[in-house]
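**Student:** The hints should help you fit chains D, F and P onto chain V, whose structure is shown.
Protein chains: 4
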Amino acid sequence: MAGNSIGQHFRVTTFGESHGIALGCIIDGCPPGLEITESDIQIDLDRRRPGTSRYTTQRREPDEVKILSGVFEGKTTGTSIGLVIENTDQRSKDYSEIKDKFRPGHADYTYHQKYGIRDYRGGGRSSARETAMRVAAGAVAKKYLKQEFGIEIRAYLAQMGDVSIDSVDWDEIENNAFFCPDVDKVEAFDQLIRDLKKQGDSIGAKLQVVATNVPVGLGEPVFDRLDADIAHALMSINAVKGVEIGDGFDVVSQKGSQHRDTLSPDGFGSNHAGGILGGISTGQDIVANIALKPTSSITVPGDTITKQGESTQLITKGRHDPCVGIRAVPIAEAMLAIVVMDHLLRHRGQNFGVHTDTPKI
Amino acid sequence: MAGNSIGQHFRVTTFGESHGIALGCIIDGCPPGLEITESDIQIDLDRRRPGTSRYTTQRREPDEVKILSGVFEGKTTGTSIGLVIENTDQRSKDYSEIKDKFRPGHADYTYHQKYGIRDYRGGGRSSARETAMRVAAGAVAKKYLKQEFGIEIRAYLAQMGDVSIDSVDWDEIENNAFFCPDVDKVEAFDQLIRDLKKQGDSIGAKLQVVATNVPVGLGEPVFDRLDADIAHALMSINAVKGVEIGDGFDVVSQKGSQHRDTLSPDGFGSNHAGGILGGISTGQDIVANIALKPTSSITVPGDTITKQGESTQLITKGRHDPCVGIRAVPIAEAMLAIVVMDHLLRHRGQNFGVHTDTPKI
Amino acid sequence: MAGNSIGQHFRVTTFGESHGIALGCIIDGCPPGLEITESDIQIDLDRRRPGTSRYTTQRREPDEVKILSGVFEGKTTGTSIGLVIENTDQRSKDYSEIKDKFRPGHADYTYHQKYGIRDYRGGGRSSARETAMRVAAGAVAKKYLKQEFGIEIRAYLAQMGDVSIDSVDWDEIENNAFFCPDVDKVEAFDQLIRDLKKQGDSIGAKLQVVATNVPVGLGEPVFDRLDADIAHALMSINAVKGVEIGDGFDVVSQKGSQHRDTLSPDGFGSNHAGGILGGISTGQDIVANIALKPTSSITVPGDTITKQGESTQLITKGRHDPCVGIRAVPIAEAMLAIVVMDHLLRHRGQNFGVHTDTPKI
Amino acid sequence: MAGNSIGQHFRVTTFGESHGIALGCIIDGCPPGLEITESDIQIDLDRRRPGTSRYTTQRREPDEVKILSGVFEGKTTGTSIGLVIENTDQRSKDYSEIKDKFRPGHADYTYHQKYGIRDYRGGGRSSARETAMRVAAGAVAKKYLKQEFGIEIRAYLAQMGDVSIDSVDWDEIENNAFFCPDVDKVEAFDQLIRDLKKQGDSIGAKLQVVATNVPVGLGEPVFDRLDADIAHALMSINAVKGVEIGDGFDVVSQKGSQHRDTLSPDGFGSNHAGGILGGISTGQDIVANIALKPTSSITVPGDTITKQGESTQLITKGRHDPCVGIRAVPIAEAMLAIVVMDHLLRHRGQNFGVHTDTPKI
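Protein chains in written order, with my numbering: chain V, 1 to 361; chain D, 1 to 361; chain F, 1 to 361; chain P, 1 to 361.
So here's chain V without its partners, still in its complex pose (with noise of 0.2 Å):
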């Protein structure tokens, strides 16, 4: 089975490459009712689309998305759901220089030894361009979910190279370039990306993800755990190196009496869990970061292979983000939206009718 697919309720399936006719998607599963209009999609993807900023890849697409089915009459009825975004920016270009060189920290030389052929044209499948129809499909989800359940699925950059923020006021996300919610620190972090610039170099960076009013009882143990899933799919967004739940790696150095978030009637005493104990959610919020790697496309030049394995040089040339991590914000927000959206139908189908007189804390 190939592995275009993500979700087994809410299913989407995408395809397309950087520089083919169009990417598209189909959302399988999305419940009968939802008023959606391209509109709703749209917003994300706009804050999704290069070109928006001198902070990312100055590639000019409109990213237009197209509804072609499963809406009817501006609802869902239950099939379906067909997106389409046409490629507009397909100048042809030279790509001698990629074709039959491998670009360190890409894709190509493992693309090239699985399937002997590849697209080469921008990274053809392997770009995050592909990233877009993500944003697509998640942006259903986040509708559904905060229609149905109020649920709110926000991330912000947390970090770029050794910048970190200071604290989190989720207003200031949308009124920056960066998404980023310390307004004490979009200087520095403007500083950095201007210097990378110069140095033609590029950086790594650091998201959290947080959905809020997320029911107690999503996930499935043993093995497609809330958590799990999550960890898959986030880990599944291009450059992500590391994803983390609640404390994350911090829990190595705590003792399980600092650890364990206590219960009383008023709720939970801590959030070190991130909001999800034994793989199902707890109804805190919940809280994931990722790590994602500086882009590999700089112009400064990096030793390779060519196609016939011989020893040769590389200098990425084009548009690129010196912080691939940046607009990668609101492709979080879409892969968990997806996740809990899954999981919120599967409970439902599994353990309808399910009561107990303990309150919900």
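No lab work stands behind these hints: they were computed from the structure.
You may find that some hints are simply not true.
As the list claims (entries may be wrong) - Chain F regions said to be covered by chain P (calculated; three or more residues, Cβ under 8 Å): (1) 30-37; (2) 97-108; (3) 125-131; (4) 292-306; (5) 340-351.
Every residue gets a Cβ at the ideal spot worked out from N, C-alpha and C, and that includes glycine.
**Tutor:** Frame of chain V; chains D, F and P shown alone:
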């Protein structure tokens, strides 16, 4: 779909509670012709087994595995393999303390709210006892991978509390009770555990898992990437709160010129990527880290609520590891083995006969 | 992915060979809170059991099922249910005849060529003995469907050789050894079997399976239609060569004006569709027919080849049913129950809260 | 999980309504390196296309397929293939008749009750128009199977109403508008259709689908048998009410000595099994029959109810085939091709390197 299965091609489905009659699993998709005996599986079960040293829980179970099907005259037949371990240590005990109270940091509250019913004896299905079957299934995968491809999958304890290893000597790992590859740190780990036992407290841990000799080409873009599936499998282990591939969270402060692994006819210049690019194995070692939280089963009293939602306190008695991370070493190996095995079968079906002239580096 | 599982939400995975140590299955996705005991399951196992009458094979197995997990204090907990049946009748016998020859009409040749190895004892995994676990899992589904929705799933023998039933009296079915609903045909069936025993030959059969009280709305277009999933489940039963829904092959010579079922406020005017339109249940009875081939295990000698590819002859000795179709009655019920159960959970998750003012007819 | 996907390894997911903007599908898992163009796919689409003869509906659609991804420089790359067909014939028409009434024999009532909303234009998602994408995906599978294995998949009309064919000449099939392999029956089919048109009525049909050159070994016991998956795929075609493998329902009155196919060094003595034993292909032709009901879209008035549940009558106007079975010929081929392709990739991954000395017969 409930979530007790992992893998698509090499598929493992498990059952069993901590204090039920038996644990078991079905391995579906093991290729025919593999020589396998109960002792092949027992080796890893014994490595995971509680009661093997004074550092782990004193629960004494022989954990003796029986092969019920799928093996004929010593070889796998290609049909489903049934494995079972009887729970012999079911001594009746007093559960009144945990029957109506939710242990903080455990899955008691979430299971109760999800299902409206739970087997409270020793945590029931949410107990780490379930991982015995992961280890059993992983042992089958490990044998196949080793024999057919020379792939080896090993793990070790890299950090416990604030004590980290400084060096890795693979030959040391089985020589001490901590799966510690640095002989100079064994005493420090030992002291840490002794101190924790006195305090009635517990501690977190960090493990590294490594697969060597994995061929280039395993992993399916876009969602079923090898790294995404590894993240899923490792995060599904009880107590795991973080997963890293290669440099993991260190990439946040790395530059592109530092991070990207150059290629030369003699191989890659480094392995910051942890053996995976674009979700596909590069042929280098696959390297992953996991963070395991400190167990919440400690004798320090903790605030919690009763089933009726009233405030109370709870002390966890009984036989518990001060560091559950130690015994997770064979479990982490098993999970990585299952994922690599699954992707190997998957890749083979899809890309049979694919050829490139590019030499493997 | 090997194929020992059925269902997505109510998922059954089986293992076990005819003459292995034990048969077993895991039921994953059974909702919590269902009261279930071993005797609930044993009832259907006893209906399927060989040796219950002189019309079926004289192999004597108690087929005693044990619940190993997933049930606590008499109720399902929502976690995976492990079931096992030990093979007690493993008397060693001489397999030299079938070890190196392929029995015509059996799966010997195909298993051998597929896997390169096979458990030849009694057909190994290809034996109908495997269906015991289908019946066990189906019994759990049947109990849930009956209790929560009043859904009943029953089957009967409609034809054997050239003898067909003329009427259906559901109360007669359990009164005779043929699951025959027409008391006037019992003697004719009896005579047919006696004649076949003398000839050392066997005969085919046709069964009808009916589900009553299934609510409108189960089934997912386009591929996972209720009828398509029923066809899959029924065709997966050993010896089945044909599946019909409603009028089945009779539709070939029907006109549209005859076939279509009219609607009125009092209900449908007929049920040519067999309770399914567009792949979705209508609320009428779901009606399916299956054709089962005559067993190839007969004492009439048959031409075949050896493992070396040389011409030879083979007589099947041992304990065999002259009509395997008879014992398939509880198996067919089990398979339909599993499919209806699976779709019920699936529908519920996806369409929770959907409402129409249109009355159900 | 909603049900718009089929296959595990060669996985096809479709979207699109009868009168929506476009139909489309994603093929996930097509091996790399297959030469494929839009005209390869168009051939089969044209065979299915309405309006090609006076015997089928006069709806005129060019049904022009576009490949949006997954093919580079004329060859598949191993990544997901996006296909789309725009609906050009969306002429606005008066739907007031069917908007608030349920057409008898159609999926209107079941969709409405399941989803609470439905796209009533031309049947929406329940229209057979959806099958265009099956044919498109099937064409890709057919090309691969033919080229790599010499496997051919063909179907024909075997019966319409009471008119059956007497002989099969594969070369005749494309020479007439009925996909009829018996030139002597073309006139009788023609007369039957003319009579039905006068009556405003419709008729059922029986098709036979055959796959030749399928290697021995495809199919996975126990549930994912090749025959079970074929039954699923064929029963999922609109209007299909019955599926047979090999002798199908004729086995009911066969004896074991008649039915079983003997083996000799020169091959099997007969093919009553239809090329499948124990769920695994034998290497003989795979033979399946399907029964298609007469369309319910006829001008004979039919009793039904309104959305409010009141009694009414309905006449289906518009462009409709008197026998939908005819155009199902390329659809049946496509479905069988998808199943064979899926099992081929599956078998290959699992049983790579398996060897027997037994010659294939």
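**Student:** Does each hint hold? Answer for all of them.
**Tutor:** Structure-based check of each hint:
{"no.": "1", "hint": "30-37", "in the structure": "violated (count 0)"}
{"no.": "2", "hint": "97-108", "in the structure": "holds (count 5)"}
{"no.": "3", "hint": "125-131", "in the structure": "holds (count 3)"}
{"no.": "4", "hint": "292-306", "in the structure": "holds (count 12)"}
{"no.": "5", "hint": "340-351", "in the structure": "holds (count 4)"}
When each numbered hint is compared with the structure, a violation occurs for hint 1 only.
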